[in-house]
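Chain B: place on chain A using the hints.
Number of protein chains: 2
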Amino acid sequence: MAEHSRDPDALFALALGGDRSSLARLVSLVERGGDAARTISRLAYPRSGEAYTIGVTGAPGAGKSTLTNALIGHLLTLELDVAVLAIDPSSPFSGGAILGDRVRMQDHATDAGVFIRSMATRGHLGGLSLATPEAIRLLDAVGWRRIVVETVGVGQVEVDIAARADTTVVVVNPGWGDSVQASKAGLMEIADVFVINKADRAGVLQTQRDLEMMLDLSGAAGDGWRPPIVTTVATELAGTAPMWQAIVDHRRFMSDSGELEVKRSVRVGEELQAIVARRLELRARELCTGRRWEQLGERLARRDIDPWTAADEVLHPVGA
Amino acid sequence: MAEHSRDPDALFALALGGDRSSLARLVSLVERGGDAARTISRLAYPRSGEAYTIGVTGAPGAGKSTLTNALIGHLLTLELDVAVLAIDPSSPFSGGAILGDRVRMQDHATDAGVFIRSMATRGHLGGLSLATPEAIRLLDAVGWRRIVVETVGVGQVEVDIAARADTTVVVVNPGWGDSVQASKAGLMEIADVFVINKADRAGVLQTQRDLEMMLDLSGAAGDGWRPPIVTTVATELAGTAPMWQAIVDHRRFMSDSGELEVKRSVRVGEELQAIVARRLELRARELCTGRRWEQLGERLARRDIDPWTAADEVLHPVGA
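Sequences listed follow chains A and B, in order.
Residue numbers 392 to 711, in the numbering used here, belong to the letters of the first sequence in order.
Residue numbers 392 to 711, in the numbering used here, belong to the letters of the second sequence in order.
Only chain A is shown next, with the shape it has when bound in the complex (with noise of 0.2 Å):
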């Protein structure tokens, strides 16, 4: 491999190729955020929009990066390929934030109908949650047509990464209906297909009659859609056909009813509220240094001035 450049605009062009060396190396750029990563938003967005995204979420352990792994596995054989960003940091998949592109840990890391890459934050100001759409739209531009965001299922932002894919899958265990856990309730809310991994284990069917039952509770398939329930020995690579048709399903029903239209629209827009909410955030980070600061915090301590009068001095560069 020829030495790269690491002007963005030379990189894409590269990766449009199907260098994935040079791939590797823009993700790193989206990850660390700036001038660069603003430059490959540009450059994929218009490119942007043919790939099928699949969240995979799911309680740490649940065997979120077994299942993923079976599932490229499967799409091989169906000849389709599929790229993988993993942003569970406690996915076997993480290593490669450690190891950089050298990603030795699964079986498919090499394939060429595979590219597989951990995600962090590293310098991205807008953290995971801005970082990943853009990794997503990258990814798309440069013709990834299936694209999985493995997340793991803890934390608002990890799982409403997962929340704006395409179709979202929630992986559980036997068991899990017993469990008490603050994310199963928002976990329920974004499955649009439900996995039961680890099926050799015992209390498959209670759980399936348990996730049966919470979906009757919240009313799903108001909207046309209920989550199937398919379960899934990752480790076997038994299940894995019936979860990928489960997908396929669900993408079906969304083209056809329209609503992967609406979802990603809101998708969007949803991101550039957030994009204009970090950048205020920032701005107002900015205001509140310096000497001009300073003047404001001697003069409150002397209470010559209100604090919101304060802020009204402080807001005025910016209008509001």
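Quick caveat, the hints were computed from the structure, so don't treat them as lab data.
Small disclaimer: the values here were computed from a predicted structure and weren't measured.
Treat each hint with caution, since some may be false.
What the hints assert, rightly or not - Not everything, but these chain A residues come out facing chain B in the computed CB check (under 7 Å):
1) 432
2) 433
3) 653
4) 657
5) 675
6) 679
7) 683
8) 685
9) 686
10) 698
Unchecked claim - To give an idea of the interface, some chain B residues facing chain A are shown, with a C-beta separation under 10 Å as derived from the structure:
11) 655
12) 663
13) 664
By construction, the Cβ of each residue, glycine as well, lies at the ideal position given by its N, Cα and C atoms.
Below, chain B without anything else, positioned relative to chain A:
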């Protein structure tokens, strides 16, 4: 009582003269936020700065309200007056928020040297974290020299409110050391005085030892103050005098060391930052609505523009 004007200036003049009904009304206006709250803030700020604030916090059921009630009784025997703001939604004082000014549920609500008011957010745009310091300044400005703010020690906002008092009292019960609570570390961090209430129950010594050990581990007293541990049985008014003494000791330490001035200066700076951030957030919401926003959404959907460039357009009017 003559019929009151709703004009904040007139109410403030009456409250300065000692009229409690006007003061209660002003607190309500502060809760509601908006222009009246800003007027009150402007009136109160230059006259404030004399009161000493005491935060009382702890898990629900720790007995914070009973303890506050016992403390009020003790202060009355010392001929010291005290105002109480009850933020804890589980507090019996909160009856006040529901019953308006007809607080009936405690021993001292109608004593001359006591003013008790429950706080709710109602319409204040900054929520409790901005409304509470304004209410404190109001009480301060009209002459209350000791202000107790009781909050439940669950939730970042509530803990922060108690932590911003001059002296923060953390109320625990025997057995607290064993309990697994996410908020425990946060409460350890903010305590200036520990009270083990319900000390007639088993496990007091163990809880004392646990607290001492946690204080050792946290390196408390590195700044010259190690939180004392007081035991009380608030329902029997036992231990109230030592509790008050611990507060007075901390107050003297804060004044003598100069830390009180530093803490208050940091506090008003943080409040100003919070106001600035909140105002920018509201501005962002304004910017993310309307026809111009919709047009941007359409351009995004057509991929004429990427989200970051769209954010530039949104933020142009505020220079952020």
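Right, here's what the structure says about each hint:
Because the beta carbon of residue 432 of chain A sits about 5 Å from the nearest beta carbon in chain B, less than 7 Å, this interface hint is met. Interface restraint check: residue 433 of chain A against chain B, minimum CB-CB distance 5 Å, threshold 7 Å, status holds. Because the smallest distance between the Cβ of residue 653 of chain A and any Cβ of chain B comes to about 11 Å, over 7 Å, the interface hint for this residue is violated. At about 9 Å, the closest approach between the beta carbon of residue 657 of chain A and any beta carbon in chain B exceeds 7 Å, and the interface hint on this residue is violated.
Hint status for residue 675 of chain A: holds, given a least beta-carbon distance of 5 Å to chain B, under 7 Å. Using the Cβ-Cβ criterion of 7 Å, the hint placing residue 679 of chain A at the interface with chain B is satisfied: the shortest such distance is roughly 5 Å. A least Cβ separation of about 12 Å between residue 683 of chain A and chain B goes past the 7 Å threshold, and the interface hint is therefore violated. With 7 Å as the threshold, the beta carbon of residue 685 of chain A stays out of range of chain B, its nearest partner Cβ sitting at about 9 Å, so the hint is violated.
Annotation: interface hint on residue 686 of chain A violated; nearest CB of chain B at approximately 12 Å, more than 7 Å. The criterion of a C-beta within 7 Å of any C-beta in chain B is met by residue 698 of chain A, whose closest approach is roughly 5 Å, and the hint holds. With 10 Å as the threshold, the beta carbon of residue 655 of chain B comes within range of chain A, its nearest partner Cβ sitting at about 8 Å, so the hint holds. Because the closest C-beta pair between residue 663 of chain B and chain A is about 5 Å apart, less than 10 Å, the hint holds.
The criterion of a C-beta within 10 Å of any C-beta in chain A is met by residue 664 of chain B, whose closest approach is roughly 5 Å, and the hint holds.
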